[in-house]
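Novice: Listed below are the residues making up each chain.
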Amino acid sequence: NAGVTQTPKFQVLKTGQSMTLQCAQDMNHNSMYWYRQDPGMGLRLIYYSASEGTTDKGEVPNGYNVSRLNKREFSLRLESAAPSQTSVYFCASREDRGLADTQYFGPGTRLTVL
Amino acid sequence: GENVEQHPSTLSVQEGDSAVIKCTYSDSASNYFPWYKQELGKRPQLIIDIRSNVGEKKDQRIAVTLNKTAKHFSLHITETQPEDSAVYFCAAKVTGGGNKLTFGTGTQLKVEL
Chain D
1066 NAGVTQTPKF
1076 QVLKTGQSMT
1086 LQCAQDMNHN
1096 SMYWYRQDPG
1106 MGLRLIYYSA
1116 SEGTTDKGEV
1126 PNGYNVSRLN
1136 KREFSLRLES
1146 AAPSQTSVYF
1156 CASREDRGLA
1166 DTQYFGPGTR
1176 LTVL
Chain G
91 GENVEQHPST
101 LSVQEGDSAV
111 IKCTYSDSAS
121 NYFPWYKQEL
131 GKRPQLIIDI
141 RSNVGEKKDQ
151 RIAVTLNKTA
161 KHFSLHITET
171 QPEDSAVYFC
181 AAKVTGGGNK
191 LTFGTGTQLK
201 VEL
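Protein sequence lines correspond, in order, to chains D and G. Per the numbering used here, the very first residue in the first sequence carries number 1066; after that it's consecutive. Per the numbering used here, the very first residue in the second sequence carries number 91; after that it's consecutive.
Just so you know, these hints were derived from the structure itself, not from any lab. There may be inaccurate statements among the hints.
List time: in silico DSS-like cross-link candidates among lysine-lysine, alpha-carbon distance up to 30 Å [what the hints assert, rightly or not]:
hint, chain 1, residue 1, chain 2, residue 2
1, G, Lys132, D, Lys1074
2, D, Lys1074, G, Lys127
3, D, Lys1122, D, Lys1136
Here are some chain D residues pointing at chain G (derived, C-beta under 8 Å) [what the hints assert, rightly or not]:
hint, residue
4, Met1106
5, Leu1110
6, Tyr1113
Now the in silico label distances, taken between C-beta atoms and shown as ranges [unchecked claim]:
hint, chain 1, residue 1, chain 2, residue 2, range
7, D, Leu1179, G, Asn157, 42 to 48 Å
8, G, Lys132, D, Asn1066, 17 to 23 Å
9, D, Arg1142, G, Leu203, 41 to 47 Å
10, D, Lys1079, G, Gln135, 32 to 38 Å
11, G, Glu105, D, Asn1066, 31 to 37 Å
12, D, Gly1081, G, Lys147, 47 to 53 Å
13, G, Lys148, D, Lys1079, 48 to 54 Å
14, D, Asp1161, G, Gly145, 22 to 28 Å
15, D, Met1084, G, Lys148, 41 to 47 Å
16, D, Thr1151, G, Gly187, 25 to 31 Å
Glycine included, C-beta positions come from ideal geometry on N, C-alpha and C.
Work out the full structure, taking the sequences as your base and the hints as a guide.
Specialist: Take a look at the structure:
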């Protein structure tokens, strides 16, 4: 199993450009999440998807959109990138069998917006 | 919503000493408390977790304690080793609503030789 995978690993954008961050998991998990990580601020939830076909806002959704394409894939889109969106983005999926609650993280995407 | 505070932000210990990281949470409905370790440039990985019906859990050199009344939980690492150097995050989960985790701001642990 590859677990949670993310593409790209690194990206540099100019202000106003758009891009989509891709995430996929092969663990048959229902729930998937997008976080951003900034120095001194921990991991903050952008959007999540509790199951295929549903998405909900997290703590910091402004400037982002998401798509739960199918059970495996959950993408994050920046329509018009801003320097404040410079961050490391992590996708995660949650094991939801029985009492299991573990979230497994992807390797991250380091995004710089100039 | 849930708010998680984590202290200290940095912690330096000598190899072999113990390290303690503390977190407090605000929502009494929180029922799951994981700890993640993140090495430089890597993804966060779960190292230990505890549920609200348990007061303490151990796994070799690491342990977590939970005080529901005071709404705080702590990570204890004994006999620290250089490979324990990393950033540690605590988190809390409230039942329902996507089973979201709220993370603390992280503790940079440095184990010195």
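Novice: Which of the stated hints cannot be reconciled with the structure, identified by number in ascending sequence?
Specialist: none
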